[in-house]
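Asker: Chains U and X are the protein sequences, given in the same order.
For the first sequence, full-length UniProt numbering begins at 1 and goes up steadily by one.
For the second sequence, full-length UniProt numbering begins at 1 and goes up steadily by one.
Since the hints were derived computationally from the structure, they do not count as laboratory data.
Backbone N, C-alpha and C fix where the C-beta goes; we use that ideal spot for every residue, glycine too.
A few of these clues could be false.
With a straight-line cut-off of 30 Å between C-alpha atoms, the simulated DSS-like cross-links for lysine-lysine are [stated by the list, open to error]:
| # | chain 1 | residue 1 | chain 2 | residue 2 |
| --- | --- | --- | --- | --- |
| 1 | X | Lys4 | U | Lys126 |
| 2 | X | Lys174 | X | Lys92 |
| 3 | U | Lys200 | U | Lys126 |
| 4 | X | Lys4 | U | Lys200 |
| 5 | X | Lys4 | U | Lys129 |
| 6 | U | Lys126 | X | Lys176 |
| 7 | U | Lys129 | X | Lys6 |
| 8 | U | Lys309 | U | Lys200 |
| 9 | U | Lys200 | X | Lys174 |
| 10 | X | Lys92 | X | Lys176 |
| 11 | U | Lys309 | X | Lys92 |
| 12 | U | Lys129 | U | Lys200 |
Away from chain U, derived, C-beta distances all over 12 Å, residues of chain X [as the list claims (entries may be wrong)]:
| # | residue |
| --- | --- |
| 13 | Leu74 |
| 14 | Asp93 |
| 15 | Pro232 |
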Amino acid sequence: MEQTNFQLKKQDVQSNEWSARLHHATRATREDWLGRGISYLCIGVIILVVASMLWFITSKGLATFTQNHVNVWQFLTGTNWSPDTGHIGAAPMIVGSFAVTFAAAIVATPFAVGTAIFMTEISPNKGRKLLQPVIELLVGIPSVVYGFIGLAVVVPFMRHLVGGSGFGIISATFVLFVMVLPTITSMTVDSLRAVPRHYKEASLALGATRWQTVSRVILRSATPGILTAIIFGMARAFGEALAVQMVIGNAAVMPKNLISAASTLTSQLTSGIGDTIDGTLPNNALWSLALILLLMSLFFNALVRVIAKRGQLKHER
Amino acid sequence: MNAKRKDFVATVMINLIVAAVVGILVFLLTYILVAGLPHVSWTFLTGTTDAFSGAGGIGVQLFNSFYLLVLTMLISIPISLGAGIYLAEYAKDNWRTSLIRSAIEVLSSLPSVVVGLFGFLLFVVKFKIGFSVISGAIALTFFNLPLLTRNIEESLSAVSSSQREAGLSLGLSKWKTEIGIILPVALPGIVTGVVLSAGRVFGEAAALIYTAGQSAPVTNFGDWNPMNADSPLNPFRPAETLAVHIWKINTEGLATNAAALSAAASAVLIIAVLLFNLSARLLGNYLYRRVTASK
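So here's chain U without its partners, still in its complex pose (with noise of 0.2 Å):
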């Protein structure tokens, strides 16, 4: 007993340092502290990138309505690209991008749900075994070979069999088909997967055959999802620069038909951007494009959320 009060005495001295020590941090909640103020930091230098990327591309792209005052309807509507003698309509490029994405979207998705149904219901053991890799391997394909193909395969192709240049719209459509094909596929698997089991079963079951189960059953509670997939490709398809650029002719005049040389916003940018000098009319007025492409990107996004929501609500009723 003596004893013990004796040593407590003898920490009553270093009292001061005792209390410190309890209620000062431990090791373990410094470390803490650390970690929380380094991956804090890390999204902040995302959200910082996102930010700038969103606040420099939209004032850049303003500037043509705000320093040269062109009016912004004449700018969406207006037919005639020339920007070094003052004349910006950028319909034709709007117009050619519209164009190729939506082609595209619609030759690739009768191609990508078929696979996707071989895959999820037909067979899914050669759909993971072999067509697992083959989407793989055509998403890893980089867009410049896919453009070098369109060029040495697919233009003289066209210019075979419906003569002209073979440069346009067809010959990009063609292109996009491939590259959108893997992403519209990989999703619509995912969708077709997430189709609950006994849907099937209770169609099966009801003496349904294979076909009229996939298409009655399977592919309407999908939809959602299966927009999804297209819409996903479009932004793709609505971005993608270097291919399509190698294969339309990138001529900036209102596309007439489907075999003539067209241009999209991505593939004006691309051969336009270097030529022009900062500040100028002509430079201005390809961040417009810029911005466009950039506007259309968050539409997309946004599309998606709608019909994310709209499916939820459809599986909860």
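Could you slot chain X onto chain U? The hints should help.
Answerer: Positioned in the frame of chain U, the structure of chain X alone reads:
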């Protein structure tokens, strides 16, 4: 047509579609390899390019591609690791987190040409660094960050929460648990994701045309001091990569054998990307076996 017949017809159609898709891939690969490989030789792989016509070897471009890839990964792996840990571990389920997630989603859905133009605006126009390796590497980082972050977050979240609880109950900090316990378990998935993204970065060209530039000045491969102007490691020199080179000789090149050249360069590019994909799988499986001690 009765239901059975319809079923049969539909099955045949789907089989035809699948055959077409497989056929497209087989055609693409054989075309590139058959048209390109005969032109690939040691002199092609190491030779220098004629600056005017674009003809000649791809030695400098090949080096540039790998150098850019390494720099990009050095910048983007730490940032996306931190961001992934934030999302998997520290982020609360509230509006702020969902805002951050949408920001990352927006970044990942931006066309790569827009990312490249932003890099051009920032580094070449505003900071006046000019077309350089470092501008290209940072532009590729912007392009790589969202996918890598999502991959790391998913790999971390997939680790069972009992591992986290075990770490915390031993008195370890959250950070130590994450770095010392969760990260090693999640490593196979992360490595697979990193190598796959390396393949993507290796083949990317649109983001590089106006950041890393379209010229490959001949460098002195005997000089490895990054400070010297003609050292291959100098981060402030313009650096045309292999993918940009293919684009360039097809659109602006004057080489008489442009088709053969770009076929050969495409073959090299495709083989490199295929190797990345294959090694991602093998490395992921190997690490998974090592870490989990399963067969």
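Asker: State for each hint whether it applies.
Answerer: Hints and how they fare:
Restraint check: the Cα-Cα separation between X/Lys4 and U/Lys126 comes to about 24 Å, which is no more than 30 Å; the hinted pair holds. A threshold of 30 Å between alpha carbons decides the hint, and for X/Lys174 with X/Lys92 the separation of about 14 Å falls inside it, so the pair holds. As the CA atoms of U/Lys200 and U/Lys126 are separated by approximately 20 Å, the hinted pair is consistent with the 30 Å bound. Between X/Lys4 and U/Lys200 the CA atoms are separated by roughly 17 Å; this keeps the pair inside 30 Å, and the hint holds.
Restraint check for X/Lys4 and U/Lys129: the C-alpha separation of about 28 Å stays at or below 30 Å, so the hint holds. In summary, the hint linking U/Lys126 to X/Lys176 is not supported, as the alpha carbons are separated by about 43 Å, beyond the 30 Å threshold. Only pairs whose Cα atoms come within 30 Å are accepted, and U/Lys129 paired with X/Lys6 is accepted, the gap being roughly 28 Å. Proximity of U/Lys309 to U/Lys200 is assessed by CA-CA distance (about 24 Å); at most 30 Å being required, the pair is judged to hold.
Restraint check for U/Lys200 and X/Lys174: not satisfied, since their Cα atoms lie roughly 44 Å apart, outside the 30 Å limit. Distance check on the hinted pair: X/Lys92 and X/Lys176 sit about 19 Å apart at the alpha-carbon level, within 30 Å; holds. A threshold of 30 Å between alpha carbons decides the hint, and for U/Lys309 with X/Lys92 the separation of about 21 Å falls inside it, so the pair holds. A hinted pair counts as satisfied when its Cα atoms are at most 30 Å apart, and U/Lys129 with U/Lys200 qualifies at roughly 23 Å.
With a minimum CB-CB distance of about 14 Å to chain U, X/Leu74 clears the 12 Å threshold, and the non-interface call stands. With a closest Cβ-Cβ approach of about 15 Å to chain U, X/Asp93 is found to remain outside the 12 Å limit, as its non-interface label requires. At roughly 23 Å from the closest C-beta of chain U, the C-beta of X/Pro232 stays outside 12 Å, upholding its exclusion from the interface.
Hints 6, 9 from the list above are not met by this structure, while the remaining hints are.
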